[in-house]
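S.K.: Numbering (our numbering), first residue to last: 3 to 142.
Between beta-carbon pairs, the in silico distance windows are:
#: 1; residue 1: Arg122; residue 2: Asp41; range: 20 to 30 Å
#: 2; residue 1: Arg83; residue 2: Leu129; range: 29 to 39 Å
#: 3; residue 1: Leu129; residue 2: Arg98; range: 39 to 49 Å
Just so you know, the hints here were simulated from the structure itself, not pulled from any lab data. Keep in mind it's a predicted model, so treat the numbers as computed, not measured. Even for Gly, the Cβ is constructed at its ideal location relative to N, Cα and C.
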Amino acid sequence: ALRDWGHARDYVEAQWLMLQQDHPEDYVIATGRQYSVRDFVNQAAAHLDMNIHWQGEGIDEQGIDTASGRCIVAVDPRYFRPTEVETLLGDPTKAREQLGWEPKTTFEALVQEMVTADLRLAERDRLVDAAGYRAYSYHE
3 ALRDWGHARD YVEAQWLMLQ QDHPEDYVIA TGRQYSVRDF VNQAAAHLDM
53 NIHWQGEGID EQGIDTASGR CIVAVDPRYF RPTEVETLLG DPTKAREQLG
103 WEPKTTFEAL VQEMVTADLR LAERDRLVDA AGYRAYSYHE
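Input sequences plus hints: build the corresponding full structure.
M.R.: Right under this line is the structure:
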């Protein structure tokens with residue numbers, strides 16, 4: 003599946019610009035670029051100095067860390083959406099032309115920011131666990 007990945011920070015700026023207009027209008031707020039989950043994983047892995055080898059197809063697809071041979075990402079049917087679509091792509095032309103809005107955060111910067119935030123949480127959780135306390139799970 004392909005998605006139009008964008009940063010909330012950019013979208014909030016677009017919302018603010020919409021609210022400054024004299025007359026309300028509808029706008030599509032998007033980056034106009036598509037990336038797959040595989041692209042996301044590869045970008046995150048690159049930020050972590052990891053190389054991923056992809057094997058299998060469909061529900062059996064896995065991303066294997068080439069250094070350790072461990073599976074680090076796999077398809078989990080629990081997260082399938084009942085009405086999944088193969089591609090989502092927005093056309094932000096009207097927002098660009100009428101609002102002067104441009105997304106500022108690249109896909110690469112978005113992924114890097116997300117990885118960095120998760121690393122900080124993991125470090126915090128490690129310290130909490132080391133002190134004998136239980137860390138809250140955010141992802142389940």
